[in-house]
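Below, each chain spelled out in residue letters.
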Amino acid sequence: MGFGQLPYDVAHVLGGAMLLVSFVLLYQRRTAALVNALALQGVLLAAAAVWQGYVQGAPQLYATGLIALAAKGIAIPLFLRRMMQSRMPDRAVEPAQSIGLSMLGGVLLVALAILVVLPATTGARALAREDLAMALSIVLLGLLTMITRRSALGQVAGLMTLENGLVLGAVGVAGMPLVIELSTAGLVLVVIVIAGFFARLLRERFDSLDTDMLHTHRGEGR
Amino acid sequence: MLTLLGLCFLALLGLAVWGGSGRMPRAMFLGCAACMAGLGLAGGLALAGGELPPTPLPIGPPWAPSLIALDALSAWFLLILALVGLPASLFAAASPPPPAPVARAEGAAFPLFLAGMAAVIVAADGFSLLLGFEAMSLASWGLIAARHPRGPGRRTARLYLGFAIFSGLCLIAGFALLAPAGLGFAAIRTAPPEGWRAGMVLVLVLLGAGSKIGLAPFHVWLPLAHPAAATPASALMSGAMVKVALYVMLRMLMDLSGPAQPLWWGLPLVAVGAATALIGALRANLEQDIKAALACSTLENMGLMVVGLGLALVFRGADLRPLAALALGAVLLHALNHAGFKSLLFLCAGAVASLAGSRDPDRLGGLIHRMPWVAGCAMLGAASAAALPPFSGFASEWLLLQSLIQGWRVAEMSVQLLAAATLAVAGMAIGLAAAAMVRFLGLVFLGRPRTPMAAGARDATGLMRAALLIPAAASALLAVLAAPMLALGGGAIRVLLGANAHAPVTGFDLVLGEVGARYAPWAVAGLLALAVVLIAFAVRRRSKLEPTRGPAWDGGFMPPPAHLPFGDPLSQVSAAGLGQPIRRSLGAIALGIVERHEVAPPGSALPAALRVEAEDRGFTHVLQPLTRLRRTLSREAELLRNLTLRVYLSISFGTLVVLLALVALLERG
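Same order as they appear, the protein sequences are chains X and R. If you read the first sequence in this note's numbering, its first letter stands for residue 1, the second for the next number, and so on. If you read the second sequence in this note's numbering, its first letter stands for residue 223, the second for the next number, and so on.
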């Protein structure tokens, strides 16, 4: 299976699209668009999982895809959108670094991921190799998003991207047990709930979603 | 054989549980003695030909079963352990039990300590060996900490624990480097380390096993920790635990690292061993506590053994097998002799401490009249430790000095010079050790009692006397039968040097092969005994004069005043006074010494005083810089505490990216 065959091409397109959306998440300033991109990435992840389930003949991946679609494609974005509407106006969230620099960093990270994964996985199937490289790129981009964003929502987006990358890597490898998928999805739900709580707390206490404001309130004397 | 070993181990573990309950401690310690006798029997059987090949046990880590084996090297050290463990257990059974919580802690830790040491010796894979080593370290720490719930003894216990953890970590790292193929000894031997990895193994073993042996500059804990435990535990630590560390060193450097290691491997061992021997012998002359002085003498002996081990490595690297066998024979024989006389001396010191009430020589004296058995045993042990000719220490130190003298046979100039310098240092250390033994005997057993306690001391009786007589008899036998004993241990030399090597022994003589030097202990002992008998006969039977009792060994001072029936302490030489010439002339090599002369103000009736404060240079030059470094590092690390969430994320992210870049770079290269 390689370039030019349908299973490989479709998986490649879906993974590449997720990577692209990760870049969108990295630079997008407007909160509404950020939530939309998150939802898009969740849907793409669900499609990738379902496609992998079809290609590998592994029905448990359909369940993974459904969970991803329901949680990341629909439920979480809806929740975030409602929270945004009720708590804050639709205004731009400014990244800490300039867009150009963070995009450049993202490109370098993707190059690094490819440099690491491709030589390390010689002997594995081409599909798994490309998939792993893309998954690692998405994870790194998610981390970069968490660093460059100042707002709580931006950090939530980074965390979600990171987790999506992990799941993409997991579904790309044949024989991964379903249990881990379920637990990961559950974990992310918990994390999102905590993040939502955290955002709400911030909003109510300080009337802002800026995490840097927490810093002076940590209770360990400087 | 396997059954015997298994029974002894199970019994020791059961005894640990029993000891933890605190019931009938005397029977528990007698059980320990029986186990030690069983292990010694197993060692003797294995030396006589019944070796145990590597055998998997039904227990072990998840990846492989534990292996045990009993080759000649293990058997030799098992014999050493039994030689110390048997009298120490008997002595523990004879001592009055301490208060309940201490007795329970010691009762649990003592059998575990024995079992840990035996496990190190019989282990045939790295995991079991390290497990035994850690059990040994922890149990011995428990034995020290149990006696000292607080105060300076507790600080000593903490210092010891720190060094024990350090040596354990170094040995774990050493085995990780040795064992890319597997932790079993057979697997390690098939793929011996090379290049930088072999060098790292040498450094790690020197740090790990070396700090347990007490090699300079990591010797500072030993003169503090060994005397801090109860007497049987002190004897075990000083007589057996350091030997177990020496076994680990022999096993890892000479056996597991393969025979192809270069010549320079031995040089750091020779240098460090000589320095340790000198420091230990010097400090043995300056300590106020008799047990601490004995612990320092252990440093001296272990230093000499490590010199011999280094020489064996040098000779093997230079392809001089007979000389390597000579040096190795010296190490093995001295390990056995030292186990005998050092456990004897420690038990004598313990008997003095418990029966005469003090470990300070300035509160003892004249005990030879009150405790003839203990004094006789101590004299035998001290004569052995001082390496006087017919006694046991002489044979092995003679072999060691002979092998140092043969250092010129290695073509390299550096080795020749180092061997010559080491010969001088080792000779000085041996002489100083003899002086320390004279000081020990003279202050404690000769002269007049310095306190009423010392004047009213009773002799050791019953079980305690038996515990003293066992190592005394062993030392006396080893003195005469050194050569047959070393021939019995020839298998251990073959394990390390190949099948062609043999012990430097002919019949009942120790010989140097083609060189021709020869030491016949039986002839020396026989001639001396004959001379003593003749003199005694002449004095007793042939003399016209009646025997008279002369003045005691009082260093030329006046007799005690009449109002002090036990003698004025100031009219006899004190411990510090006897050590003063050595302290003034040589003490600065090992100790940083501050002397203050405090003169009383005019008109005051107070006497003038000379205060001496000494601190080991290991503290000032190694431990204190390390402490300062730790403080600095923790201050720097404190800066990391007050950062924002994003900076923390950036730090971990940066680390991840750097590691990934490293992976990519390594894959390309």
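The hints are simulated quantities; they were obtained by calculation from the structure and are not laboratory data. Computed from a predicted structure; not experimentally measured. The beta carbon of each residue, even a glycine, is placed where N, CA and C say it ideally should be. A few of these clues could be false.
Unchecked claim - Here are some chain X residues pointing at chain R (derived, C-beta under 7 Å):
hint, residue
1, 108
2, 112
3, 115
4, 116
5, 143
6, 147
So, going through the hints one by one against the coordinates:
no.	hint	result
1	108	9 Å, violated
2	112	6 Å, holds
3	115	4 Å, holds
4	116	5 Å, holds
5	143	5 Å, holds
6	147	5 Å, holds
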